[in-house]
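If you read the protein sequences in the order shown, they are chains L and W.
Read in the working numbering, the first sequence has 223 at position 223, and its numbers run on one by one without any break.
Read in the working numbering, the second sequence has 340 at position 340, and its numbers run on one by one without any break.
Keep in mind that the hints were calculated from the coordinates and are not lab data.
Zero decoy hints are in this set.
When the alpha-carbon atoms are kept at most 25 Å apart in a straight line, the in silico SDA-like pairs for lysine to any residue are as follows:
#	chain 1	residue 1	chain 2	residue 2
1	W	28	L	71
2	W	302	W	234
3	W	272	L	74
4	W	28	L	74
5	L	237	W	355
Spelled out, the chains give:
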Amino acid sequence: MPTKDCRGEKCPRESKPNVLKNPVNRFAPILLPAATAAIFLLIWHLLVRLSGSDLFPTPLDVARGIQELVEKGLLLKYIVASLFRVSWGFMLAVLVGVPLGLILGWFRPAFQALNPMIQILRPISPIAWIPVAILWFGIADSAPVFLIFLASVFPITVSSMAAVQNMQLVYLRAAQNFGVTGMQLFRRVIFPAALPQIITGIRIALGIAWLVVVAAEMIAVNSGLGYLIIDARNAGKRYDLVVAGMVMIGLIGLVLDLLIRRLERFDEVKWGYGQR
Amino acid sequence: MKLISTTFLLGALWLVLISVTHGHLNLKWFAPKVAGTTAAGDKFRIGFLPVTCHLTCPVTDFINQQVEGQSMFEPVRFSGWPELKEAFLSGYTPATFILAPMAMALREQGVPIKVVYLGHRDGSAVMVHKDSQIYRMEDLRGKRIAVPNRYSNQRLLVFRALKQANMTVQDIELVEMPPPDMPAALYSKAVDAISSGEPFMAQTELDGYGRVLWLTKDVWPNFISCVLAVHEDFIKNDRETVQRLVDGIASSGKWLDTTMENRMDAAKFVSKNYYNQHPRLLEFVLSKPPDRVKYTNLALRKPDFEEIEALALQAGVIQKDVIFEDYTDASFVPDDSAVKAHAYQGLQGGEVPPRK
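Using the sequences and the hints, build the whole thing.
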C-alpha cells in the first residue's frame with residue numbers, strides 16, 4: 001500500500017502509531033485467521049461426531065492421512081507434479097493471453113473478428129474438454145497442461161483486452177501531443193497504463209488454473225493432488241485422503257495467491273491501485 | 001522495466017526448477033537405466049481399471065517382472081470407462097481391457113477394435129443396503145439401481161435379472177455412476193441397489209452396510225463383463241507380441257486359479273503395487289466364495305457373445321446385429337488344456353517387491 005495515498009481515515013490500520021499503541025493489532029493478521037480456522041475445525045469435528053458417520057473423516061483423520069502421505073514420500077511428489085502442470089499451463093496462458101488481449105483491445109477490427117469466438121469458448125468448462133484433450137494429447141503431462149492453459153487463457157485475454165479498452169483517454173492524448181506513435185506508443189503508454197488491470201486478471205486466472213487441477217488430473221496421469229483425490233476414491237474407504245487432497249490444494253492456493261500479490265508491490269503496478 | 005524483467009526471470013527460473021524436480025520425482029528422468037531393460041516408452045501400453053475383472057493385467061505385469069526381469073507391456077490405470085476408451089481411440093493404449101458391449105458398440109461405430117481374449121468370468125454382484133427390505137428382484141420395483149455405464153455388462157445383467165423376474169426396465173430406475181462412487185452412494189442411501197465389478201461391491205459388505213442381493217453366478221453363470229481388446233493395426237504389425245500378450249494373460253489366469261495361496265499373494269501385490277487399495281478387499285473378493293470371480297475358461301465362445309449381443313440389442317447399446325467374427329479375432333486364443341500357469345512361486349510369505 002503506497003503511504004502517500006493513505007489519506008488518514010482511508011487506511012488507519014496500516015499507520016504505524018496505531019500498531020505501537022495497541023500491541024494486539026500487530027498480531028491480529030495472524031490471530032484472527034487462526035481463530036477462524038480453529039473454530040471451523042472444531043465445528044467440522046463435532047458435526048462428524050454428531051452424524052455418527054464412519055465414512056466422513058474428522059480433521060484428525062485427515063491430519064493422519066497427510067502424515068501417511070508424507071511418510072510414503074508421496075505428498076512432495078504430488079505437489080511437485082501439480083505445480084509443474086499448473087506452472088506450464090498458466091505461463092503459456094500468460095504468454096498467449098496478454099499479447100492477444102492487448103491486440104484485441106487496441107485494434108477494433110481484431111476485436112470484432114475474434115471477441116465473439118472468445119466469448120463462445122470462454123464458458124466451456126475444462127471438464128468438457130477432457131475427451132478432446134485425451135484424443136489430442138494422450139494421457140501424458142501435456143493433456144492436463146492443455147486443460148489448465150484453456151481454463152486460464154480466457155480470463156487473462158479478457159482482462160488485458162478490457163484494460164486497454166478502459167484506458168483513460170488523457171494518457172493517449174498527452175502521448176499524441178508529444179508525437180508518440182506506433183510501437184513507441186504501445187510500449188511506453190498503452191502497456192504501462194493497462195498493466196495494473198492485467199495483473200489483477202492474471203491473479204484471478206492463477207486461482208482458476210489451480211482450481212482446475214483436480215479436473216485436469218482426472219485424466220489418467222499417475223501423480224498430482226487431483227490424482228490423489230481420484231486415486232483415494234478408488235481405494236475404498238479412504239475419504240481421509242480425499243479431504244487431505246482438498247486441504248493441500250487449498251493451502252497451496254493460499255500460498256500462490258500471497259506470492260502473486262507481491263507483483264502488486266512493484267511501482268509499475270502500484271500507482272494503478274493507489275488511485276482506487 | 002523492473003516488473004517485467006523480474007517476473008520473466010523468476011518465471012523462467014521457476015519453470016526450470018519445477019520441471020527438473022517433476023522429472024526427477026515423477027518421471028524418473030535421472031534414474032540410471034538398468035542394462036537389458038527397455039525404456040517404458042518402447043513398450044506398448046495396456047489400459048485397465050482397478051477392478052477384479054482386469055486383475056490378470058497387473059498379475060501378468062508383476063509376474064513377468066519377477067520371473068523374466070522385465071514386463072512386456074506398461075499397464076496404465078484409469079479411473080473411469082470414458083477415459084480408458086478415449087485413450088484407446090487416440091492410440092495411446094493399443095491394447096486395453098474393456099467392457100464387452102462397449103467393444104461391440106465401438107466396432108459397430110467403425111473403430112478398428114478386435115476382442116482377442118476374455119479377462120475373467122463372473123465377478124460382479126448386486127448389492128443393497130443391509131437395512132433395506134429388498135430380498136428379491138421383485139422388491140426392486142420402483143427403486144433406483146446404479147450401474148457403471150450404459151455399455152456395462154452389469155446393466156445387461158440387470159436386464160437379464162428383470163426378465164427372469166418378469167419385470168421390465170420401466171419397473172426400476174437405472175442411473176449411471178462410476179464404480180468408486182457406488183459404496184458411498186449406497187451408504188448414504190442415495191441409491192437402493194448398486195452393481196459393478198468387484199471389489200467395490202465387497203467393500204460395502206466388508207464395511208458392514210451392504211448385503212448381497214445376488215452374485216452374477218446366481219443369475220448369469222459364467223458371466224463375462226470385460227474382455228481384452230487390441231487395435232487392428234497392432235494385430236497387423238505385430239502378431240507375435242499380441243500372441244505373447246494373450247498367452248501371458250492366459251497363464252496368469254491359470255496361475256490365479258491354481259491355489260488359494262496364489263490368489264492371496266495376488267491380492268497383496270496387486271493391492272500394493274497397482275490398485276492402491278487395502279489388501280483385505282481383494283483377499284475377500286478372491287476367496288469369499290472362491291468362485292465369486294474366475295480366471296480360467298477364458299476362450300472366446302460364440303454362444304456367450306450371442307447372448308450378450310441379444311441383451312445389448314434389447315438394451316439399445318448396439319443398433320443392429322453385430323457379427324461375432326467381425327469384432328473378435330479368435331486366432332490368438334490358446335487351447336484351454338494347453339495353458340500352463342506361470343512358473344512363479346508366489347511371495348512365499350515375503351514382502352511385496354516394488355514395481356520396476
